[in-house]
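Number of protein chains: 2
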Amino acid sequence: MNILIIGGGGFLGQKLARRLIARGELRGRQIAGLTLADIAAPAPLDAPFDIACTACDITDRAAMDALLAPGFDAVFLLAAVVSSHAEAEFEDGMNVNLHGVLNVLESLRLQGRAPVLVFTSSLAVFGGEVPDPIRDWTIPNPQTSYGTQKAIGELLVNDYSRRGFVDGRTLRLPTISVRPGRPNRAASSFMSSIIREPLNGEEAVCPVDPEFPHYYLSPRLCVENLIRGAEIEAADLGQSRTMTMPGRTLTIRQMIEAMTAVAGPEPAKLIRFEDDPAIRDIVSGWRFDYDPAKALALGLEADASFEENVRYYLEDDRPT
Amino acid sequence: MNILIIGGGGFLGQKLARRLIARGELRGRQIAGLTLADIAAPAPLDAPFDIACTACDITDRAAMDALLAPGFDAVFLLAAVVSSHAEAEFEDGMNVNLHGVLNVLESLRLQGRAPVLVFTSSLAVFGGEVPDPIRDWTIPNPQTSYGTQKAIGELLVNDYSRRGFVDGRTLRLPTISVRPGRPNRAASSFMSSIIREPLNGEEAVCPVDPEFPHYYLSPRLCVENLIRGAEIEAADLGQSRTMTMPGRTLTIRQMIEAMTAVAGPEPAKLIRFEDDPAIRDIVSGWRFDYDPAKALALGLEADASFEENVRYYLEDDRPT
Ligand SMILES: NC(=O)c1ccc[n+]([C@@H]2O[C@H](COP(=O)([O-])OP(=O)(O)OC[C@H]3O[C@@H](n4cnc5c(N)ncnc54)[C@H](O)[C@@H]3O)[C@@H](O)[C@H]2O)c1
Ligand SMILES: NC(=O)c1ccc[n+]([C@@H]2O[C@H](COP(=O)([O-])OP(=O)(O)OC[C@H]3O[C@@H](n4cnc5c(N)ncnc54)[C@H](O)[C@@H]3O)[C@@H](O)[C@H]2O)c1
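If you're matching them up, the sequences are chains F and H in order. Start counting the first sequence at 2; every next residue gets the next number (the numbering used here). Start counting the second sequence at 2; every next residue gets the next number (the numbering used here).
It cannot be assumed that every hint is accurate.
Stated by the list, open to error - With beta-carbon atoms standing in for the labels, derived distance ranges:
1. F:D66 - H:F50: 47 to 55 Å
2. F:A294 - H:G34: 26 to 34 Å
3. H:D133 - F:D290: 20 to 28 Å
4. F:A279 - H:F50: 56 to 64 Å
5. H:G34 - F:G182: 36 to 44 Å
6. H:E26 - F:R62: 43 to 51 Å
7. H:E232 - F:Q255: 44 to 52 Å
8. H:R24 - F:A279: 53 to 61 Å
Claimed, not checked - With a Cα cut of at most 16 Å, we get these calculated EDC-like pairs of lysine to aspartate or glutamate:
9. H:K295 - F:E130
10. H:K295 - H:E234
11. F:K295 - H:E130
12. H:K270 - H:E204
13. F:K270 - F:E204
14. H:K16 - H:D47
The hints are simulated quantities; they were obtained by calculation from the structure and are not laboratory data. Predicted, not measured: the structure shown is a model, and the values here were computed from it. Where is the CB? At the ideal position from N, CA and C, for every residue including glycine.
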């Protein structure tokens, strides 16, 4: 089993690589090699099998042909420019999120090996005038260029799979929380930082009110679901390779209560509520009511409660 | 008002051109010029304003820039390779139906004039595990490469419109019947020929049983709806530029009864029912239960009854 992670230097790519190393197998076969590719070569990891870390740009078709030439049994396609970037720089988003994905698919099509391909889409594909709850058969009606590009990727992965060019699976990721690291300029940044910073003994600002609901998943279960996505039998996927990855709808208040249940009353005291109308306007347009029936039926899972998300952060990511 | 029809040499492009010439105006403004572009230059038409007929390939980005350079107020993007072609020749379909559409959109984006753009999608975007009736918020889950490419075009037109690069409207066309001309190799060919040939005094074979249901629209109302689509105010389109063009669900029996009501009992005697399992297998996977609520609310229309479709064929298209 030879595995490639494109976008292997990113947040989820790194976690996925470590988890695959710990597991040692995928789809019932021992892992013989793992290649991590990203725009800059990811730092090497220790593993009991071959690890290669390589720099390569998915917008460069020839580079993709070279990267894929050895032939892989499973490819995780995580490389993307994120939502705010794709909205601010239209051409970057189109080049990476649309043409980059097409480069990978075309390269795989012409190679004719039809590997398992796990593509990460986003709940950002949903929006506009569609009824709640959002089901597996709700139209992607994205209100961002990022969501549009991801929705196009979903369609391409479906068609390339239907034709037998790849054996694709597309997972629409919920917002990941608790995400490690520092706050960034994404509108969703507070959805991790209001938990992460207090657990690290630092102050955090919450720009929305405590009843604001949103749909979350921990990084640990996200990686687990990416692996399960790779392991689903093609025959069980039916007439669409796309599914919403399960998450939980939670209010800010519920998230804070879970933090308090796990870590005691002190962290919550470090959160300051300070309305930010600009952020509130963006995130109040986001959907939070999902029915991920297909993924649940195929064995993917949400966190049992947000207490798990808090525990996973403490176990996996809190700086020591 | 300067208008461009890309695919202007095709079946609907030609009918649309004639209808625009007869109308003389669009969006309340007199038509000053009409350009018909197609892979081979369409034959010139008589008109009380400037008509240009030009050969040009939408897969050629430089040719698109040159075609669009004069600047148009409204562009109808009809050029496409059809379903069976896109399924048999994957690269042709991708080149014309995906990259060709992207060429037009990119050329318009960089021009910065944001014309009205009417894009023709198809009910072939629907399929697979989605519940009936198919609504405006049902996921496009195409089971053909043609449907996939059209669904991608819908997403692109939405995003280019949201960003103000074009003022787009996408109409998903039902199966057009009665289509003039000769039978072709499309699986849907019989849906016109069982009416057209008998009205012309010729025999026709129906490969499915009389209770087979499907969703139809006449060419005349299709063209009318394309024009209404161009005339909708952008503000009335809401958060999606895509809608299902209204049609009627009819069985073969109802179509034949309508023909008899209009043209007497003789034509129906020319239809021979002869099961064709290959065709039946394809068309029985097609959906026929649609709720085109958005388009109806915006003033688009279906034929009042299939008797209209029969009359329009006799008035507009029967060879004399
Ligand atoms: N984290 C989330 O909350 C979330 C939510 C929804 C979807 N996703 C999706 O999951 C995937 C992984 O997300 P992440 O959180 O790890 O993001 P990330 O930004 O940490 O990782 C993405 C990686 O892609 C790489 N990349 C960007 N352009 C590239 C190019 N041209 N060539 C090669 N590599 C390139 C980046 O360098 C980065 O390392 C992405 O596809 C993202 O859209 C993430
Ligand atoms: N007629 C129907 O039942 C139906 C149903 C659903 C959707 N549609 C869509 O409506 C539109 C018009 O359909 P039609 O029935 O008139 O089809 P058509 O085949 O008669 O017309 C399409 C035209 O596009 C032109 N074309 C193809 N490739 C081209 C290229 N590379 N550059 C320039 N022109 C090119 C063809 O030469 C042709 O004249 C198409 O987009 C079609 O997909 C039609």
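*Range hint 47 to 55 Å: satisfied by the CB atoms of D66 of chain F and F50 of chain H?*
holds (50 Å)
*Do the beta carbons of R24 of chain H and A279 of chain F sit within 53 to 61 Å of each other?*
violated (46 Å)
*With a cut-off of 16 Å on the C-alpha distance, tell me whether K295 of chain F and E130 of chain H pass.*
Distance of about 11 Å is within 16 Å: holds.
*Under the criterion that the straight-line Cα-Cα distance not exceed 16 Å, is the pair K16 of chain H, D47 of chain H satisfied?*
At roughly 13 Å apart (the allowed maximum being 16 Å), D47 of chain H and K16 of chain H satisfy the hint.
*Would the pair K295 of chain H and E234 of chain H pass a check requiring their Cα atoms to be no farther apart than 16 Å?*
holds (14 Å)
*Determine whether the Cβ-Cβ distance between D133 of chain H and D290 of chain F falls within the hinted range of 20 to 28 Å.*
Given about 23 Å between the Cβ atoms, the range holds.
*Take a quick look at whether K295 of chain H and E130 of chain F sit within 16 Å of each other, Cα to Cα.*
holds (11 Å)
_Outcome of range test on Cβ distance (E232 of chain H, Q255 of chain F; 44 to 52 Å)_ = holds (49 Å)
_Just to be careful, I want the Cα atoms of K270 of chain F and E204 of chain F compared with a cutoff of 16 Å; is the pair within it?_
holds (8 Å)
_Given the hinted pair K270 of chain H and E204 of chain H, is their Cα-Cα distance within 16 Å?_
holds (8 Å)
*Between A294 of chain F and G34 of chain H, does the C-beta distance stay in 26 to 34 Å?*
Violated, since A294 of chain F and G34 of chain H (Cβ atoms, about 53 Å apart) do not stay within the stated range.
_Range agreement (Cβ of R62 of chain F with Cβ of E26 of chain H, hint 43 to 51 Å)_ = holds (46 Å)
When held up to the earlier numbered hints, the structure conflicts with 2, 4, 5 and 8 and fits the remainder.
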